[in-house]
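Trainee: As given, the protein sequences belong to chains R and H, one line each in that order.
Under numbering that gives the first Met the number 0, residues 0 to 498 are what the first sequence spells out, in order.
Under numbering that gives the first Met the number 0, residues 0 to 159 are what the second sequence spells out, in order.
Don't take each hint at face value.
[As the list claims (entries may be wrong)] In silico lysine-lysine, DSSO-like type, Cα no more than 30 Å apart, as pairs:
#	chain 1	residue 1	chain 2	residue 2
1	R	Lys240	R	Lys294
2	R	Lys294	H	Lys60
3	H	Lys60	R	Lys287
4	R	Lys467	H	Lys43
[What the hints assert, rightly or not] Restraint-style ranges between C-beta atoms, simulated for each label pair:
#	chain 1	residue 1	chain 2	residue 2	range
5	R	Ala45	H	Val156	28 to 34 Å
6	H	Pro158	R	Leu129	55 to 61 Å
7	H	Leu80	R	Gly418	19 to 25 Å
8	H	Pro35	R	Phe52	41 to 47 Å
9	R	Leu386	H	Gly155	25 to 31 Å
10	R	Leu376	H	Gly135	17 to 23 Å
11	H	Val156	R	Val130	57 to 63 Å
Since the hints were derived computationally from the structure, they do not count as laboratory data.
If you're wondering where the values come from, they're calculated on a predicted model, not measured in any experiment.
We put the beta carbon where it would ideally sit given N, CA and C, even for glycine.
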Amino acid sequence: MDALNNLMYGFGIALEPINIAYVFAGVFAGTIIGMLPGLGPISALALMIPITFAMEPSSGLILMAGVYYGAIFGGSTSSILLNAPGVAGTVATSFDGYPMAKQGLAGKALAIAAYASFIGGTVSVIFLMLVAPLLSKVAVSFGPAEYFALMVLGLTAVVSLSDKSLVKGLIAAVIGVMISIVGIDTQTGTERFTFNSIQLLDGIDFLVVALGIFALAEVFYMLLRGGGGKEVPRNVIGSLKLSRSEVKQIAGPISRSSVLGFFTGVLPGAGATIGSFLGYSMEKRLAKDGDTFGKGNIKGVAAPEAANNAACTGSFVPLLTLGVPGSGTTAVLLGALLVMGVTPGPMMLEQRPDVFWGVIASMYIGNIFLLVLNLPLIPLIAKILDLPRPLLLSMILIFCMIGVYGMSFSVFDLLLLLGFGLLGLGLRLFGFPTAPLILALILGNIMEESMRRALQISGGDWTTFIDKPISLSLLVIAVLSLGLPLLKKRRNKAPSAAH
Amino acid sequence: MTRLNVNQWLALVLALVAAAYLAMAWQIPTFPLPRPVDSDLFPKVLGVSLLLLATLLFFEKPSAIAGTDDIDHEATNGPLLFTPWARVIVTSLAIAAYAFLLVPLGFVLASTLLCVGLTAYYGYRRHGVNLASSLGVVLALYLTMTRVMDVYLPTGVLPF
Numbered sequence: 000m001d002a003l004n005n006l007m008y009g010f011g012i013a014l015e016p017i018n019i020a021y022v023f024a025g026v027f028a029g030t031i032i033g034m035l036p037g038l039g040p041i042s043a044l045a046l047m048i049p050i051t052f053a054m055e056p057s058s059g060l061i062l063m064a065g066v067y068y069g070a071i072f073g074g075s076t077s078s079i080l081l082n083a084p085g086v087a088g089t090v091a092t093s094f095d096g097y098p099m100a101k102q103g104l105a106g107k108a109l110a111i112a113a114y115a116s117f118i119g120g121t122v123s124v125i126f127l128m129l130v131a132p133l134l135s136k137v138a139v140s141f142g143p144a145e146y147f148a149l150m151v152l153g154l155t156a157v158v159s160l161s162d163k164s165l166v167k168g169l170i171a172a173v174i175g176v177m178i179s180i181v182g183i184d185t186q187t188g189t190e191r192f193t194f195n196s197i198q199l200l201d202g203i204d205f206l207v208v209a210l211g212i213f214a215l216a217e218v219f220y221m222l223l224r225g226g227g228g229k230e231v232p233r234n235v236i237g238s239l240k241l242s243r244s245e246v247k248q249i250a251g252p253i254s255r256s257s258v259l260g261f262f263t264g265v266l267p268g269a270g271a272t273i274g275s276f277l278g279y280s281m282e283k284r285l286a287k288d289g290d291t292f293g294k295g296n297i298k299g300v301a302a303p304e305a306a307n308n309a310a311c312t313g314s315f316v317p318l319l320t321l322g323v324p325g326s327g328t329t330a331v332l333l334g335a336l337l338v339m340g341v342t343p344g345p346m347m348l349e350q351r352p353d354v355f356w357g358v359i360a361s362m363y364i365g366n367i368f369l370l371v372l373n374l375p376l377i378p379l380i381a382k383i384l385d386l387p388r389p390l391l392l393s394m395i396l397i398f399c400m401i402g403v404y405g406m407s408f409s410v411f412d413l414l415l416l417l418g419f420g421l422l423g424l425g426l427r428l429f430g431f432p433t434a435p436l437i438l439a440l441i442l443g444n445i446m447e448e449s450m451r452r453a454l455q456i457s458g459g460d461w462t463t464f465i466d467k468p469i470s471l472s473l474l475v476i477a478v479l480s481l482g483l484p485l486l487k488k489r490r491n492k493a494p495s496a497a498h
Numbered sequence: 000m001t002r003l004n005v006n007q008w009l010a011l012v013l014a015l016v017a018a019a020y021l022a023m024a025w026q027i028p029t030f031p032l033p034r035p036v037d038s039d040l041f042p043k044v045l046g047v048s049l050l051l052l053a054t055l056l057f058f059e060k061p062s063a064i065a066g067t068d069d070i071d072h073e074a075t076n077g078p079l080l081f082t083p084w085a086r087v088i089v090t091s092l093a094i095a096a097y098a099f100l101l102v103p104l105g106f107v108l109a110s111t112l113l114c115v116g117l118t119a120y121y122g123y124r125r126h127g128v129n130l131a132s133s134l135g136v137v138l139a140l141y142l143t144m145t146r147v148m149d150v151y152l153p154t155g156v157l158p159f
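Please work from the sequences and hints to get the whole structure.
Mentor: Here it is in structure tokens:
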């Protein structure tokens with residue numbers, strides 16, 4: 000009952016006309032920025048800090064929450080239409096969203112993304128309201144050993160998705176981790192793999208790799224296929240309407256991934272990216288038609304979209320209740336709150352209930368705006384497919400360049416982008432999956448840091464990873480996630496050999 | 000001697016990369032204070048893992064190369080400059096040239112040149128539409144980034 004009263008209080012704040020205007024503006028701006036490859040929620044939120052500085056803290060955070068949601072959804076549109084995810088959290092959406100767009104079902108894919116995002120976001124807001132204090136306690140009990148095990152599980156779960164070759168999936172993951180540790184080691188200040196280049200001291204930015212491996216490699220691949228003009232049906236967006244059977248098909252994945260995404264988001268470091276990959280991986284395993292994932296299965300769009308939006312909400316739990324940002328994006332939010340004079344943490348509920356409950360209520364409203372705003376805009380957004388293919392290819396190139404240069408102002412990064420584009424083309428041609436590489440790139444640093452911290456605490460004793468029950472269980476699941484597909488393959492081979 | 004298959008070639012290249020990586024990992028300096036795990040351990044683990052995986056790949060049966068069926072074979076027989084692989088090489092060179100010319104020429108001029116040039120090279124023949132749309136998109140992006148978002152982009156030879 001308390002939660003309901005508090006929520007009513009929060010709605011009183013969120014429904015003030017000025018705050019409704021902020022939610023609307025935030026969601027709209029976030030969607031547009033998220034659609035541009037290269038400009039993700041972090042840049043969008045960072046750009047909002049000067050705007051929110053003079054605002055009431057509750058209004059400022061309401062605006063930022065809207066931008067965050069909008070950017071994640073906007074990222075999914077560029078994933079589906081161009082195979083160019085502007086945000087790491089929407090990479091998994093492109094696996095089935097882009098094939099659907101190529102089959103002339105872009106409208107349907109975008110509509111599914113909008114519905115799944117809405118439901119994922121709404122379900123997780125309810126969870127946030129009800130179980131935030133309880134979940135924060137569980138997250139607090141996670142030490143470095145548990146985090147390391149969680150990262151390993153996140154990686155193996157994605158590697159196990161590589162249908163053709165587990166070895167190639169693992170190689171891609173190892174390369175991803177190798178890229179992630181380039182630069183100065185934060186614990187010792189030692190340079191690693193920088194080749195004495197000043198530009199590499201800060202490491203290689205995720206955006207450069209992601210845009211290279213996905214967007215630029217896609218352009219190269221299209222060029223190999225004669226400009227790609229042959230296969231994409233022009234002017235075919237397809238219907239936005241979903242049939243009853245389609246609704247039935249996606250209902251399960253959306254509800255399961257919403258819950259999974261929320262819980263993943265609560266764990267610091269995990270967030271929307273792992274949430275979306277885990278959601279995708281889980282549905283692929285559960286689905287009877289799992290072999291059609293990656294070829295335009297609607298469940299493959301619904302699951303990661305529900306999970307990434309739910310994880311966004313989940314990531315507010317450690318931020319609001321512990322004052323610990325779980326991701327780069329929530330770290331920017333924390334910075335903004337501190338600028339506004341609000342210190343998130345256990346005392347926030349008592350000291351600034353207006354901010355806490357105002358934000359939760361505004362998330363409900365933000366989700367409704369997200370749906371109302373994006374569904375009517377889908378045909379307009381999908382028009383991007385009607386552009387003449389040569390012009391579209393050149394424009395994707397310009398978007399990639401501006402995304403990379405606008406972030407780092409470095410010519411060197413533009414050359415790196417080209418290098419990763421060619422690497423992406425090579426990986427694609429030789430059948431290496433790119434998802435493990437990109438996830439390993441994000442997790443590599445955190446994984447190493449957790450591993451080293453755990454070993455420092457244990458005095459170099461490696462059994463620390465199997466002594467703790469949570470860490471042990473996570474590692475066992477990780478090994479199983481790799482072992483089971485192998486066993487399955489062997490079983491499938493045995494009958495065919497007998498024949 | 001039997002010919003090596005695709006996986007075996009890839010495995011050899013990866014093994015070479017792993018060996019070079021390991022050699023560099025062994026050169027990472029030790030931290031002055033003794034610690035249970037130093038900066039070099041993780042890279043060494045990665046190098047050894049890549050070497051092991053390369054060995055496994057060497058013995059794995061290769062599947063068909065993913066993109067070969069999709070390559071535009073009609074274009075392969077056309078003029079050398081317009082073959083599928085030439086398109087990739089020319090685009091790569093154009094991107095490299097763009098990177099070096101971005102600051103001296105400025106964002107608007109360099110991006111418009113890249114966009115118009117590559118669009119025409121890819122076979123789009125309506126040059127007026129090409130120029131208008133390229134310039135429009137580049138200008139819109141430039142103004143959004145510089146005026147609305149306060150992100151600096153090089154002006155180069157143009158006065159704005």
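Trainee: The structure should be examined with respect to each hint, and the outcome stated for every one.
Mentor: For each hint, the structure was consulted:
Annotation: proposed proximity of lysine 240/R to lysine 294/R holds, straight-line Cα distance about 20 Å (limit 30 Å). As the CA atoms of lysine 294/R and lysine 60/H are separated by approximately 24 Å, the hinted pair is consistent with the 30 Å bound. Only pairs whose Cα atoms come within 30 Å are accepted, and lysine 60/H paired with lysine 287/R is accepted, the gap being roughly 28 Å. Taking the CA atoms of lysine 467/R and lysine 43/H, the gap is about 26 Å. The hint holds against a cut of 30 Å.
At about 31 Å, the CB distance of alanine 45/R to valine 156/H agrees with the hint of 28 to 34 Å. Separation of proline 158/H from leucine 129/R is about 59 Å and conforms to the stated range, judged on CB atoms against 55 to 61 Å. Remark: the range hint 19 to 25 Å for leucine 80/H to glycine 418/R is upheld by a beta-carbon distance near 23 Å. Between proline 35/H and phenylalanine 52/R the beta carbon distance is about 44 Å. The supplied range of 41 to 47 Å therefore holds.
Distance hint check: the CB atoms of leucine 386/R and glycine 155/H are about 27 Å apart, consistent with the given range 25 to 31 Å. With their beta carbons about 21 Å apart, leucine 376/R and glycine 135/H fall inside the hinted range of 17 to 23 Å. Under the hint 57 to 63 Å, the C-beta atoms of valine 156/H and valine 130/R, about 59 Å apart, fit the expected range.
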